[in-house]
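Asks: One-letter residues, chain by chain:
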Amino acid sequence: MSFYIAKFKRYIPQNIKVIASFDGYSVIECTDYSLLTDIQHEEITEHEATVAWKFYGEARPYRSAYSDVEGLEPDPDQLAKGKRKTKVYFTMEIYQSTVLLMKRIFKRNVQDIFSEREDKTLESEILSFIDSLETIRDISYHRERLLGTEMSKSQLKELFLWDDETNSRIGRHQFTLGF
Amino acid sequence: MAFDFPSSPSAGTQFLNISGIYLYDNSGSWTTIGDTLTSNPFGLNPFKYRSIYTRGYVSGGYKDTSPWRNVNRTVHYTDTTTNLGDIMDQAAAYTDGSFNDYYQYIYASSPSWPGTGSYTSSINMQTEVGRTHSSSWDLTQNMTQYGDVGVVINSNLTMAWIIGNQTLFDKHNLVTEIMYSAGTGGSGGTAGDFVAAWYGERYGWIKHSYEGNRNLKLEFSTETWSSGGLTVGTDGWGKALPTKDGYAYVKNGGNIVNGIYKVNDTTGSNIRTDLTAPDGNAGEENYQTGQNWGYCLGHYNGAQNNNTYKVTHATDALVSLGATSQPKGHDGMSSAATSSASSQFLGGF
Numbered sequence: 002m003s004f005y006i007a008k009f010k011r012y013i014p015q016n017i018k019v020i021a022s023f024d025g026y027s028v029i030e031c032t033d034y035s036l037l038t039d040i041q042h043e044e045i046t047e048h049e050a051t052v053a054w055k056f057y058g059e060a061r062p063y064r065s066a067y068s069d070v071e072g073l074e075p076d077p078d079q080l081a082k083g084k085r086k087t088k089v090y091f092t093m094e095i096y097q098s099t100v101l102l103m104k105r106i107f108k109r110n111v112q113d114i115f116s117e118r119e120d121k122t123l124e125s126e127i128l129s130f131i132d133s134l135e136t137i138r139d140i141s142y143h144r145e146r147l148l149g150t151e152m153s154k155s156q157l158k159e160l161f162l163w164d165d166e167t168n169s170r171i172g173r174h175q176f177t178l179g180f
Numbered sequence: 069m070a071f072d073f074p075s076s077p078s079a080g081t082q083f084l085n086i087s088g089i090y091l092y093d094n095s096g097s098w099t100t101i102g103d104t105l106t107s108n109p110f111g112l113n114p115f116k117y118r119s120i121y122t123r124g125y126v127s128g129g130y131k132d133t134s135p136w137r138n139v140n141r142t143v144h145y146t147d148t149t150t151n152l153g154d155i156m157d158q159a160a161a162y163t164d165g166s167f168n169d170y171y172q173y174i175y176a177s178s179p180s181w182p183g184t185g186s187y188t189s190s191i192n193m194q195t196e197v198g199r200t201h202s203s204s205w206d207l208t209q210n211m212t213q214y215g216d217v218g219v220v221i222n223s224n225l226t227m228a229w230i231i232g233n234q235t236l237f238d239k240h241n242l243v244t245e246i247m248y249s250a251g252t253g254g255s256g257g258t259a260g261d262f263v264a265a266w267y268g269e270r271y272g273w274i275k276h277s278y279e280g281n282r283n284l285k286l287e288f289s290t291e292t293w294s295s296g297g298l299t300v301g302t303d304g305w306g307k308a309l310p311t312k313d314g315y316a317y318v319k320n321g322g323n324i325v326n327g328i329y330k331v332n333d334t335t336g337s338n339i340r341t342d343l344t345a346p347d348g349n350a351g352e353e354n355y356q357t358g359q360n361w362g363y364c365l366g367h368y369n370g371a372q373n374n375n376t377y378k379v380t381h382a383t384d385a386l387v388s389l390g391a392t393s394q395p396k397g398h399d400g401m402s403s404a405a406t407s408s409a410s411s412q413f414l415g416g417f
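Respectively, the protein sequence lines represent chains A and B. Sequential numbering from 2 applies to the first sequence in the working numbering. Sequential numbering from 69 applies to the second sequence in the working numbering.
Misleading hints may appear alongside valid ones.
[Unchecked claim] Listed below are the simulated EDC-like cross-link pairs for lysine to aspartate or glutamate, each with C-alpha atoms no more than 16 angstroms apart in a straight line: (1) A:LYS84 <-> B:GLU279; (2) B:LYS116 <-> B:GLU279; (3) A:LYS86 <-> A:ASP113; (4) B:LYS396 <-> A:ASP165; (5) A:LYS86 <-> A:ASP76; (6) A:LYS10 <-> B:GLU269; (7) A:LYS108 <-> A:GLU126; (8) A:LYS121 <-> A:ASP69; (9) A:LYS86 <-> B:ASP147; (10) A:LYS84 <-> A:GLU74; (11) A:LYS8 <-> A:ASP76; (12) A:LYS88 <-> A:GLU47; (13) A:LYS18 <-> A:ASP33; (14) A:LYS104 <-> A:ASP76; (15) A:LYS82 <-> B:GLU279.
These aren't lab readings, by the way, just hints derived from the structure by calculation.
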């Protein structure tokens, strides 16, 4: 079984299993490599495609999951309230895989933009910079700055970019390219 | 039947008879330019053709505990989705919405997750800007717990009924834009968070069972509620795609399942029970109604995402779509509000 990130513009072939789509790229499972001919893609690890994608952009130290759906130990407090959710905390392996997956898609998007430009002046500099990022928070912050993909409210609060009095973001977010 | 065409026509002469409209052209012959025998589709099926849905909007939603404020427009002819930016006046998680021909309403919007309360946001679908808030749009009661609501809209888009984790329904007059309290919905059922709702020409349908239980049918013409008798398995977390073709596509379970039932929107009976989403188990779908096909624009399948698929009514085909069609501006969203808009209006109220 092989896993990829791939950017399909229109329809995704039925023989390809879509796991999740973020930032224009889909995390996919694909056994017939010929289906990816002429499709921008990159092979990823099984861990990225089966575990890390669920933590994509996660600014908290955990994600919430349905214990019964994912075969996890139920959270007794939640269960007592009739809820099925439990917390799945990052491990070092999950964190590193999530960072790797987010960096791959971040870089791919930057490359896609430069592929339509004649002036490639900043491309290698930006790609090297993305390579140097080591945390999900840093990736999310710079992805917002460079690609316009909005970061989470929890991260905005950490960065003092959230006004608790008005319960709104300080300043208006611009969904535009930063380069 | 033979017709006597004008004996001395000149180029540009038009001739109308029961079989068609003809033009005498420069080549010296009669050309058919119109067919008077074709029925006006509006007259045959005004529910489907009073307006032609050409695009839609998906507004708010959330990922993890982050509610979004942006709105994405999907052009149905090209399957193209474009981020319009943060045009809502405030974010909305666990929401649902209604729409008339001009405006979308997003109920229980809140910049706090999970988004409870009574506030209603609205965007202008013709100018694609957020509207200045009016308290007359607001729900008459606070939606509590997660504040997830379900909405049904009548056939000429003049009235919407909203229910969440409350015993009473609200009724939103989409002409005057005033919100009313609308009673318990007949025998009602118990209050509960997470509602699946859909609607057709004559009836609206409400089903939830995650917390509390409702299985109801609303006859729009009389505003009469009765038991829905629905057997589709959604508990409210699995959502529904209404159509203008006499049925809805409804998830057959809660978070998270793959099965989809095609449910007759007049009788509530199941037309098909063998459909599946193309991208596996999911819930909290952002379904958007279209004229001949609809979309799922993001859902939850272990994480909120921008997975997008298209549901073609004529074939019941469910096909995953790529980057052009997917929502943008964030890492994914579920439980957003969707609306549909028209460029052409063939009929009035």
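Asks: Each of the hints needs a verdict: does it hold here or not?
Replies: Checked hints:
The suggested pairing of LYS84 of chain A with GLU279 of chain B holds, with an alpha-carbon distance near 10 angstroms, which does not exceed 16 angstroms. Pair hint LYS116 of chain B plus GLU279 of chain B does not hold up; C-alpha atoms about 35 angstroms apart against a cutoff of 16 angstroms. For the hint pairing LYS86 of chain A with ASP113 of chain A, the CA-to-CA distance comes to about 38 angstroms; that exceeds 16 angstroms, so the pair is violated. Using a Cα cut-off of 16 angstroms, the hinted pair LYS396 of chain B and ASP165 of chain A is violated, with the two alpha carbons roughly 26 angstroms apart.
In summary, the hint linking LYS86 of chain A to ASP76 of chain A is supported, as the alpha carbons are separated by about 7 angstroms, within the 16 angstroms threshold. Proximity of LYS10 of chain A to GLU269 of chain B is assessed by CA-CA distance (about 35 angstroms); at most 16 angstroms being required, the pair is judged violated. For the hint pairing LYS108 of chain A with GLU126 of chain A, the CA-to-CA distance comes to about 11 angstroms; that is within 16 angstroms, so the pair holds. Using a Cα cut-off of 16 angstroms, the hinted pair LYS121 of chain A and ASP69 of chain A is violated, with the two alpha carbons roughly 49 angstroms apart.
With a CA separation close to 34 angstroms, the supplied pair LYS86 of chain A and ASP147 of chain B exceeds the 16 angstroms bound. For the given pair, LYS84 of chain A sits about 13 angstroms from GLU74 of chain A by alpha-carbon distance, which is consistent with the 16 angstroms threshold. A distance of roughly 37 angstroms separates the Cα atoms of LYS8 of chain A and ASP76 of chain A; the hinted pair therefore is violated under the 16 angstroms criterion. Our distance criterion of 16 angstroms between C-alpha atoms is broken by LYS88 of chain A and GLU47 of chain A, whose separation comes to about 22 angstroms.
Straight-line distance between C-alpha atoms of LYS18 of chain A and ASP33 of chain A comes to about 11 angstroms, which keeps the hinted pair within the 16 angstroms bound. As the CA atoms of LYS104 of chain A and ASP76 of chain A are separated by approximately 32 angstroms, the hinted pair breaks the 16 angstroms bound. The straight-line distance between the Cα atoms of LYS82 of chain A and GLU279 of chain B is roughly 11 angstroms, inside the 16 angstroms bound, and the hint therefore holds.
Checked against the numbered hints above, the structure breaks hints 2, 3, 4, 6, 8, 9, 11, 12, 14 and satisfies the rest.
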